Every structure is written in C-alpha cells, then in structure tokens.
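Number of protein chains: 2
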Amino acid sequence: MRPLVAVDWGTTFLRVARLDAAGSAREERELPRGILSVEPGGFAAVFQEACGDWMQAPGALALICGMAGSRQGWMEAPYAACPAGLSDVANQLTWVEPDRIAIVPGLMCTGPVAPDVMRGEETQTFGALQLLEREDAVVVLPGTHSKWVRARRGRVESFATFMTGEFFSLLRRHSILARTLDEDDGELDDGALRRGVDAAMTSGNLLHAAFSARTLALVGQLTPQAGSSYLSGLLIGEELRSRHLDPAKPALVLTGSPALVRRYGVALAHLGIAFEALGQESAWQGLAAIARCLQERT
Amino acid sequence: MRPLVAVDWGTTFLRVARLDAAGSAREERELPRGILSVEPGGFAAVFQEACGDWMQAPGALALICGMAGSRQGWMEAPYAACPAGLSDVANQLTWVEPDRIAIVPGLMCTGPVAPDVMRGEETQTFGALQLLEREDAVVVLPGTHSKWVRARRGRVESFATFMTGEFFSLLRRHSILARTLDEDDGELDDGALRRGVDAAMTSGNLLHAAFSARTLALVGQLTPQAGSSYLSGLLIGEELRSRHLDPAKPALVLTGSPALVRRYGVALAHLGIAFEALGQESAWQGLAAIARCLQERT
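Protein chains in written order, with our numbering: chain A, 6 to 303; chain B, 6 to 303.
Quick caveat, the hints were computed from the structure, so don't treat them as lab data.
None of the values given here were measured: they were computed from a predicted structure.
Positions of the beta carbon are idealized from the N, C-alpha and C atoms, including for glycine.
Accuracy of the hints is not assured; some may be wrong.
[As the list claims (entries may be wrong)] Partial pick of chain A residues on the chain B-facing surface, computed with a CB cut under 7 Å:
no., residue
1, 37
2, 39
3, 180
4, 183
5, 209
6, 210
7, 211
8, 213
9, 244
[Unchecked claim] Derived list of chain B stretches under chain A, where covered just means 3 residues or more per stretch with a C-beta under 8 Å from a C-beta of chain A:
no., segment
10, 123-136
11, 190-196
So that you can see chain A by itself, here it is in the shape it has in the complex (with noise of 0.2 Å):
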C-alpha cells in the first residue's frame, strides 16, 4: 500500500497524521489552522507546513475529508448524494493533484423540511464502521453541528444536523444567561448536566427551557458554577429529545472528542440509552478504507 498521509480539516483545527497499512496513526500533529483561519490561495503552502515532510515518501497519497471541501476551502469538492457507500466516495474523489492529493466529498440527503448536507461525519461514520466491523449502526457525531447517521450495509442512508454546539456557544457567551453563569466553565457537574438533559425532556421546546437557566439561578436554584453544565445538558437533551431513542434498539455509536464524548455519554447513559464510544481515530480509519478502495480499483 501506498504511504497514507490522513487529513482531516475543519473550520477550526488541521488534523494530520501519517498511517500505517491498518489505519492506525503512527505520527499525529494539530494545528489551529482550520480552513476560516486561511486566506484564499493560502491553502497548499498550509499543507505543506502540516504535512510536507511526509508528502516527500515516494508514491505518498494524501487525502482530506473535511471542510476543506467547502467553497471556502481548498477546492469545492461537489457532494455525493445519499444513500451513499466507501466506494462511491472513493469514486467522487475532488484531486488537488492528481493521483497525489485528493478531497474527500461530503454527503448531502433530503429531509423532510430541508436537504442536509455534512462535510467528514461520513468519513468517521466509515471509519466508525470499520473500527466496529458493523454494517449497521446509527452513528452519533457531536460538535458545533451534531450529526445523526443511519448506516445500512456499510452506506449512509440519510443523516440529521443539530446545531447544538453553535446554540452551546451563543447562549453560553452571548444570552441574558451569560450574566448568572461564572466566566470560566470549571470541571464539567455531572449532576447539573443530567438536570439539564431533564428540564429539555420534560418542556419539549428549548425556547421555553433555556430561560429555566436563568430563573433558576434568579431564586438560587442553580449556581453559577453549575449553570454551564445545565446549559449543555439542555442542548444536549433537546437534541437527544426529538431522536425517539430506544433502550431496546441497538447500541449507538458515539465518535468524537473526548470532552463530547464524555459529555453525550453522562446524557445517554443518564437516559437508559446504550452506547459504544469511539475516539478521534474514525477519522484515520475511514480515510484508509477509503485508500484501501482506490488501490482496489486500480
């Protein structure tokens, strides 16, 4: 196999990392360069600081999922439409360089009010997959814009955006709620969470439940301390609200960082909900099968 270098760009942070033949990182780096702190034209001298080095392997393949793709990133790299597997990926691959550097393409779906579209999640869903050896999963990405992914017989079926992490963060810095809430986020309170993921369930509309932060901190129910973990609670909790989870349905799956993770995982286990909890490396896995597909073909 080809030397694999695994790119995963965002709009905050440059991932890379340098693969073996499994997949597994050998050599990991992080940059704060995520595509918003790039200038137009910027993207390739970017690149060759995080991974250049590396590039100089003879035959060396880069590939890149992520925000990159984004009209505001590297190149657009054109969705894939759903219901969509490794290999039609690999097959709508964006090539920067020929047969040298490739952009994964994101996903789009329709729903029922509007398309979705999503730029990695389909890369770790893959990668989440293959780690797991499943075919079948629903597979659960938070961040700035949580991802639900139905996987059937290794293909992602349709997918669902919450902008949780996004209202996480207006709220948190920006809202009537800032002012009871202390300035630092401190340890995550488990217990407030929980409480938080209550309040969501119990009123069924988060315009409703999110002034509870502030009453609550009004009559000295909630201290500023606490009243991070409660916000996220509630976000969380509205976004686990509308999924009709069932405790007799399979286990989902849970990838992403490890400060999210942990927090998810307080609020489905709290619900009676199981879970398995995957890292950041689905990411590495879903690029190398991704590799694994093109050398197939080739």
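Following the hints, put chain B in place on chain A, whose structure we already have.
This is chain B only, laid out in the frame that chain A set:
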C-alpha cells in the same frame, strides 16, 4: 382621580404617558433610556428628565411597570405570586417615594421545570383584559422574551416565557446562518415567514430546523433577502408549536409592538388560529386600572 403618570420602563426603552381618567394617553414620550443604559443611582434623574414636568401637577402619582423593578433597575420590587389579580398587585407596590412614585411588582409562577418570572407583561395583561372587557383569556406578548399568559376571572393564573426574540437576534447576527443572509432585514417577506413556520412545525426540533436556513440557501432555495423572514418564521413557529393551539378555542389576545404583532399575526393566521390584536396601549390601561384599585382602597 389624581393625575396619573404611567411609566413602562424596560430593558431598552423608557416610555412615559400622561393619562386621562379613562386610562388613555394625552401625551406620550419614548426615550432610549432602558435600564441597561442607566448607571446605578441615575434612575431618579432619568425619571425627572422623562416626566418631571408632569409630576409637578398637584397630587400627581407615577406608576412604573417593567424592568425598572428588577435587581438592576431603580429599586427591586419583589415578585408577587400567581395567581394574582389587579388588587394583589396594587397591594404589593414598591414605593420609591411614599404616595407619589411606585413600582408595580412582577409576577412569579411555578412551571414544570423551573419557576417563571415576568416584569411589565402582568400590567399589559391586565390592561388587555380591561380593553377587551374580558376576564378569561390567553394573552400572548411577543418580544425578546415572549410571554404566554393564562388569565381567568381577571387574575393571572400562570404563564410561560419563550426566548424567541433573543434567539432570533443571536442566530441572525452571530451564527453561521448570518453568512447566507442579507446584512439588512429589508421588508418582511410574508411567504418566507410562513415557510419558516411550516418548517418548525414539521421538524419539531429547533436545533435541527435552524440548519435548514443554511442548507436551503446553499442549494439556492432561499434568497439572502428572504432569509431573515424565514428565520423569524422558524422561531415564531417553534414558539407556537408547543402551545397546542386549537382553532376551536376562544381567540388569543396578542399585544405588543406593531412590528411583532404583524409577524405573529401572519403566523397565527397561517395556522388558522383566531386572535385579537392590541397595541402598546395595554400597558397604559393596566397602570390606570392599578391606580383605580389604589383609589378605591383609600
């Protein structure tokens, strides 16, 4: 009856009126001196500037409703407990100057998740009931924090707050959705607002539905001009969604600024829900009714 100076002192604006015996405004003034713009200790001077001339009339009485009674206001006026009617409120005034300047208490009620509070809307509710000569109603007061108030036999039984206006403003200005919207709001687009209401109703989850404002724009199904009206409809729709509105019930009472009454009116009409619309005169009528209560007591 004593000359009555009515004051609606909110977060952003200070509105004052000189009322006649029937509670109608003879003269009105609006100043951009909401409580957030007033330094601690500066309230008396701002009050003097706004209506000091009117207060020189012999026997003049000033009644103040709104955020001026909050911890950050002129003087903290403890909340009255629900259910509460006009006489309960009149009995619990906080006097800034004995028998001359008083602040109307806000109300507190218990909710399924947390207590709820309001300041000012109780007075508007009492005023709306007076204007319509009704004792029972559901009164909707749209705003930064919209209130849904249930009145029975002339008393406020319970109410619920929705952070609709604040969420709109956060998403409109500070979220990723802002990127695909025109800088300027422009004219309200009724069709786009109705489409947003439908999206909220269909989706049932704001964290998910909000993302449609982005994806519809990405695929060219929502113009930058219509985006703000669509987002407004999404948020109003999310507020209405959980209210279990029934076209068979008596008409809602809608009271607030003309711009917001217009928006909520479009949404309610679209859903086939009857309503009666009132303007900002409700606050004056409510303060006049509290003044009559005071007079009857003496």
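Quick rundown of the hints versus the structure:
This hint is violated: residue 37(A) has a C-beta 19 Å from the nearest C-beta of chain B, more than the 7 Å allowed. Hint on residue 39(A) is violated. Least Cβ distance to chain B is approximately 13 Å, over the 7 Å limit. Restraint check, residue 180(A) versus chain B: the minimum CB separation of about 6 Å is within 7 Å; hint holds. Hint status for residue 183(A) relative to chain B: violated, with the closest Cβ pair at about 11 Å, above 7 Å.
Taking 7 Å as the C-beta contact cut-off toward chain B, the hint placing residue 209(A) at the interface holds, the least distance being around 6 Å. Interface hint at residue 210(A): satisfied, since its Cβ lies 4 Å from the closest Cβ of chain B, which is below the 7 Å cut-off. A distance limit of 7 Å between C-beta atoms decides the matter here; for residue 211(A) the minimum to chain B is near 5 Å, and the interface restraint holds. The beta carbon of residue 213(A) is positioned within 7 Å of a beta carbon in chain B (closest approach about 5 Å), and the interface hint is therefore held.
The criterion of a C-beta within 7 Å of any C-beta in chain B is met by residue 244(A), whose closest approach is roughly 6 Å, and the hint holds. Coverage of the segment 123-136 of chain B by chain A is violated. Counting CB-CB distances below 8 Å, 0 residues qualify, and the rule asks for three or more. Under the rule that three or more residues need a Cβ within less than 8 Å of chain A, the assignment of the segment 190-196 of chain B is violated, with 0 such residues.
In terms of the numbered hints stated before, the structure departs from hints 1, 2, 4, 10, 11, listed from lowest to highest.
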